[in-house]
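Below, each chain spelled out in residue letters.
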Amino acid sequence: MNNRMPVRWQRCRRKAANGLMWGIAVIATLIALVPLILVMYYVISQGLPALNLAFFTHMPKPVGEPGGGMANAIIGTCMLVGLASILGLPLGMLGGIYLAEYGNSRLGAAIRFTADVLVSVPSIVIGVLAYSLIVLPMGHFSALAGGFALGLMMIPTVMRTTEEMIRMVPMAQREASLALGVTHFSTIFRVVIVAAKGGIITGILLAVARVAGETAPLLFTAFGNRFWSTDLGQPIASLPVQIYTYAIAPYDDWHAQAWAGALVLVVLILVLSVAARYATKSRFRLVR
Amino acid sequence: MVVAPVPKSMHRSRKLFWNRLIDRSFRWTTLLFALTIPVIIFALVLLLGRFAFPAMHQYRWAFLYTSIWDPVHQHFGVLFAIYGTIISSCLALLIAVPVSLGTAIFLAELAPSWLREPLSFLIELLAAIPSIVYGIWGLLVLVPMLRIVELWLSVHFPTCPLFNGAPYGTGMLAAGIVLAVMILPYITAVSREVIRAVPITQREASLALGATQWETISRPVLRYARTGILGAIILGLGRALGETMAVAMVIGNRADISACIFNPAYTIPSLLANEFAEASDKLHYASLVEGALVLVVLTIIINVIARLLIWSVSGGESQEVHG
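Chains P and E are the protein sequences, given in the same order.
For what it's worth, the working numbering labels the leading residue of the first sequence as 1, then goes sequentially.
For what it's worth, the working numbering labels the leading residue of the second sequence as 1, then goes sequentially.
Keep in mind the hints are simulated off the structure, nothing from the lab.
Any given hint could turn out to be false.
[Stated by the list, open to error] Residues from chain P that face chain E, not an exhaustive set, calculated with beta carbons under 10 Å:
no., residue
1, K61
2, A115
3, F220
4, L272
5, A275
A quick note: this is a predicted structure, and the numbers were derived from the prediction, not measured.
A virtual CB, placed ideally from N, CA and C, is assigned to each residue, including glycine.
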């Protein structure tokens with residue numbers, strides 16, 4: 001008699017605990033989604049009204065004059081990303097080929113590990129390095145230093161995505177090519193890379209989009225410029241730094257422009273992230 | 001006719017030789033490119049150490065435990081920034097960890113399968129949004145909201161040392177909240193991977209014994225995955241320590257140590273962001289580089305620990321993509 005009730009009670013208690021934890025997990029997930037919704041809501045609702053053709057084609061106006069755009073910053077970001085790609089893509093892609101094709105050794109694991117660690121090194125520290133190596137000897141800020149800093153940041157990301165995409169190519173395809181007497185070198189370039197092309201390209205675009213949004217390493221390398229400049233040896237404007245300058249200034253006009261810039265950056269990155277996901281039909285890692 | 005076979009075989013062996021040479025040299029070339037990664041890390045630490053030498057020589061260890069930042073009289077001690085960096089990151093962990101773990105458990109164990117991938121993707125998108133966007137959102141949306149909350153708290157709990165500061169809105173609390181949002185996707189994604197790496201047999205054994213779903217998760221699954229989850233949390237900590245733009249925009253940037261979480265503070269990255277471009281004086285520059293060195297050594301150590309913990313559970317990320 002005494003034993004029966006506690007058992008039933010216990011079962012009730014266990015079921016209740018189960019339901020409670022279910023609820024907590026669901027609530028946690030909803031809370032995790034709140035910031036995404038809030039940030040997206042504000043970026044769109046504040047950025048969209050300020051976004052027009054002039055934003056893309058006009059130069060910044062002095063404080064107090066309405067209108068103007070960020071044409072110089074958009075061109076600047078494109079140039080910086082181009083410079084970064086010249087440094088980051090060959091290094092990253094060839095390194096990725098090594099990790100995927102020859103990297104099943106202890107050395108490969110060590111390189112993979114250091115690549116993951118390098119991704120997490122704070123971007124501002126990369127900026128400090130670029131400043132000390134390029135800006136100080138040159139004597140002034142320059143687009144070159146900014147491109148160098150962004151390029152360094154691209155290498156590990158490009159390397160790991162290239163590796164993952166190449167690894168997804170089935171072994172049988174390599175073996176078929178090797179069995180025909182084709183060299184490993186030609187197999188990699190004519191068979192493996194061709195099969196992994198789509199994934200590698202989207203991975204690269206994603207890496208490019210992410211360094212395009214980096215601000216910290218540009219603050220004291222590319223520095224920023226209120227005027228039109230495409231000179232690699234001179235300071236150059238960039239979208240993120242321009243957004244930063246405008247956001248911390250006390251003028252409403254500038255805040256509106258900063259929101260518009262943020263919207264452009266976010267749309268660029270979201271489109272590429274979604275594209276990367278659907279193009280490769282696999283879980284593309286956004287988190288490193 | 002008689003001569004033909006001889007050059008042909010010579011030709012063939014020569015071709016074989018060339019092919020082998022190309023393969024070998026290609027392999028070594030790619031290795032060379034892959035090795036740039038370790039080289040960059042070593043160069044980073046060594047070069048920063050070299051550039052920071054004047055400050056190290058001048059202040060020795062006092063740089064780390066004094067709290068003074070006076071470029072005019074050339075007194076530098078970075079304790080306030082180390083304090084701000086660590087406290088803001090811990091505040092972020094305090095907020096982010098419970099939410100992340102709940103989300104990771106939901107995504108890995110409870111959610112219906114059609115919901116898992118899209119939801120995970122949405123949360124990972126948080127990691128793709130640039131830092132500057134969180135910064136502008138924090139500064140122009142979150143800070144004005146916090147100002148109201150902080151005012152209310154400081155009026156109703158005037159004696160609590162955590163709440164008795166000036167309710168500016170910008171300060172340690174704002175930085176903690178923004179950082180929490182930024183590290184949430186990292187902790188969630190990695191914990192989810194680690195939980196999914198727990199063998200299905202562990203769950204089946206527990207369920208077969210009559211355990212409820214929650215009992216199965218809390219005992220065998222989480223116990224199996226706890227090393228990896230700890231790794232995920234430390235990884236989040238590493239991210240929070242090095243985060244620059246968003247923090248620089250909302251933390252208020254005051255070189256001060258205060259127990260109150262409303263008060264403005266400073267972190268090493270935000271100190272660098274604000275002062276590095278203007279540091280014309282040699283000692284000022286060297287001190288800032290030493291700050292950067294402290295930061296980079298701290299993040300490298302934390303990341304090595306975190307990734308070793310994660311790898312010990314999930315066995316390296318690349319293998320998993322294979323399957």
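Enumerated hints in conflict with the structure, sorted upward: Violated hints: 1 and 5; rest satisfied.
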